[in-house]
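Keeping their order, the protein sequence lines are chains A and B.
Just so you know, we're using our numbering here: the first sequence kicks off at 390 and counts up by one.
Just so you know, we're using our numbering here: the second sequence kicks off at 149 and counts up by one.
Treat the hints as calculated values from the structure; they're not laboratory data.
Keep in mind it's a predicted model, so treat the numbers as computed, not measured.
Incorrect hints may have been included.
What the hints assert, rightly or not - Interface residues of chain A toward chain B, partial, derived using beta-carbon atoms under 8 angstroms: (1) Ser420; (2) Gly431; (3) Tyr437; (4) Asp445; (5) Met449; (6) Val478; (7) Phe480; (8) Gly487; (9) Val489; (10) Glu490; (11) Leu492; (12) Phe494; (13) Ser496; (14) Gly497; (15) Leu503.
What the hints assert, rightly or not - Here are the simulated distance ranges between beta carbons: (16) Arg474/A with Pro188/B: 18 to 28 angstroms; (17) Gly392/A with Pro264/B: 24 to 34 angstroms; (18) Met404/A with Phe263/B: 34 to 44 angstroms; (19) Glu192/B with Ser476/A: 15 to 25 angstroms; (20) Pro264/B with Thr427/A: 31 to 41 angstroms.
Think of the CB as a built atom: it goes at the ideal place given N, C-alpha and C, for glycine as much as any other residue.
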Amino acid sequence: DAGVIQSPRHEVTEMGQEVTLRCKPISGHNSLFWYRQTMMRGLELLIYFNNNVPIDDSGMPEDRFSAKMPNASFSTLKIQPSEPRDSAVYFCASSLQGRVEKLFFGSGTQLSVL
Amino acid sequence: AQKITQTQPGMFVQEKEAVTLDCTYDTSDQSYGLFWYKQPSSGEMIFLIYQGSYDEQNATEGRYSLNFQKARKSANLVISASQLGDSAMYFCAMRGRLYNTDKLIFGTGTRLQVFP
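Just chain B, same shape as in the assembly (with noise of 0.2 angstroms):
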């Protein structure tokens, strides 16, 4: 079976400062991907980053960057310099590839609040 942990119900931040929201996964697949979604109080939600499991780098976009550990399962999430902006719920997701799914399946969130 597959199933994405995030065990950080909560977490603060002050503005600026670096922050590290974690996310383990478990699969039998040796190919998968690994999601961050970010849902503000809106509701909308809008992906952030993505890690192939063969990804030999991690992955990077913009303050966001994947710390990928493929021997520990886990696929934490870093976002660097917060902004108020950043406050939020996050979402870690995987997808695989056992039986030629597109489904992801979805940790429980983690929600961020950066302070000034």
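Isolated chain A, as found in the complex (with noise of 0.2 angstroms):
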């Protein structure tokens, strides 16, 4: 069975570029988790979604973070215009709603903006 699939797994652009981050979590989890991860913030949640509906976005930075949940095997972490200081680790992350004991990361996308 496929695990958490994150794509793509390097990205690399220019400070002021859109750069869209995508997920597919494991088939029947209907929670969705964005985490952030830095030297200087350790693992932050950013967002994390239930049968699809955002349920906390507290963790989103600012405006130009914006996520997606259109469907039970799709979500996406937009950020636009991307800045330098939003070079970080994006990881997805899914469970089934409630029982986040059972909690699988994807890879993670590292994401580096010059």
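Build the complex from these two chains, which are given one at a time in their own frames, with help from the hints.
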């Protein structure tokens, strides 16, 4: 069974460009999480969805960040415009709702904004 | 507020020895969960072990065990018989149920180096 799939694995872009990160959760999972990992701040939750509905987006840094989940098998995290301080590893994770002890992470997207 | 503290930025252990990675937490929730994840140099986050706050026995998963001391608010990870492949970053995390949220709060991590 495939795990959480993220794309791209690496992204290098220039400041001001739009960046879109993609995630396919594990089939049957109805909770999806976007985390960001930096050296300075560690792992922090950006937003999570239950049944495609955003539940908590308090971790989204600012209006430049937006996340969508148009269906149960796909989510995007968009940064527009991107800035160098957005450089980080972005993880997507999924679980069954309320069963976060079985939370599975994707391999992450390494984003570098020059 | 909820908080996870990992005070050991780095630990060294010799192969086949046991090692304890420290984790303390702060929460006002009565019901919560504690997790440990491993992050090797390849970057993925690997779930290791989970402990519920009402679980009376310490969780164990193979060579991993969680030393849960509720009164002290600590949830240390014990790795027995360390292997070279255990070299990685280890993160402690907590989920609280106060607001019925599935949000995990992570600590800053401990880098474990296993040497021959």
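Do the hints match the structure? See the list:
Because the beta carbon of Ser420/A sits about 6 angstroms from the nearest beta carbon in chain B, less than 8 angstroms, this interface hint is met. The interface hint given for Gly431/A is met, as the beta carbon of that residue sits about 5 angstroms from the closest beta carbon of chain B, less than 8 angstroms. Evaluation of the Tyr437/A hint against chain B yields a held restraint, the C-beta minimum of about 6 angstroms falling below 8 angstroms. A distance limit of 8 angstroms between C-beta atoms decides the matter here; for Asp445/A the minimum to chain B is near 6 angstroms, and the interface restraint holds.
Because the closest C-beta pair between Met449/A and chain B is about 13 angstroms apart, greater than 8 angstroms, the hint is violated. Against a cut-off of 8 angstroms between C-beta atoms, the interface hint on Val478/A holds, since the closest Cβ of chain B lies about 7 angstroms away. Residue-level restraint check for Phe480/A holds (minimum Cβ-Cβ distance to chain B is 6 angstroms; threshold 8 angstroms). Because the smallest distance between the Cβ of Gly487/A and any Cβ of chain B comes to about 7 angstroms, under 8 angstroms, the interface hint for this residue holds.
At a threshold of 8 angstroms, the smallest CB-CB gap from Val489/A to chain B is about 4 angstroms, leaving the interface hint in force. The criterion of a C-beta within 8 angstroms of any C-beta in chain B is met by Glu490/A, whose closest approach is roughly 4 angstroms, and the hint holds. Below 8 angstroms, beta-carbon pairs count as interface contacts, and Leu492/A has one with chain B at about 7 angstroms; its hint therefore holds. Below 8 angstroms, beta-carbon pairs count as interface contacts, and Phe494/A has one with chain B at about 4 angstroms; its hint therefore holds.
Using the Cβ-Cβ criterion of 8 angstroms, the hint placing Ser496/A at the interface with chain B is satisfied: the shortest such distance is roughly 5 angstroms. This hint holds: Gly497/A has a C-beta 5 angstroms from the nearest C-beta of chain B, less than the 8 angstroms allowed. Against a cut-off of 8 angstroms between C-beta atoms, the interface hint on Leu503/A is violated, since the closest Cβ of chain B lies about 20 angstroms away. Distance hint check: the CB atoms of Arg474/A and Pro188/B are about 26 angstroms apart, consistent with the given range 18 to 28 angstroms.
Between Gly392/A and Pro264/B the beta carbons are some 31 angstroms apart, a value that agrees with the proposed interval 24 to 34 angstroms. In this structure the supplied range 34 to 44 angstroms holds for Met404/A paired with Phe263/B, their Cβ-Cβ distance being about 42 angstroms. At roughly 19 angstroms, the beta carbons of Glu192/B and Ser476/A sit within the given window of 15 to 25 angstroms. Checked against the hint of 31 to 41 angstroms, the pair Pro264/B and Thr427/A passes, with Cβ atoms roughly 32 angstroms apart.
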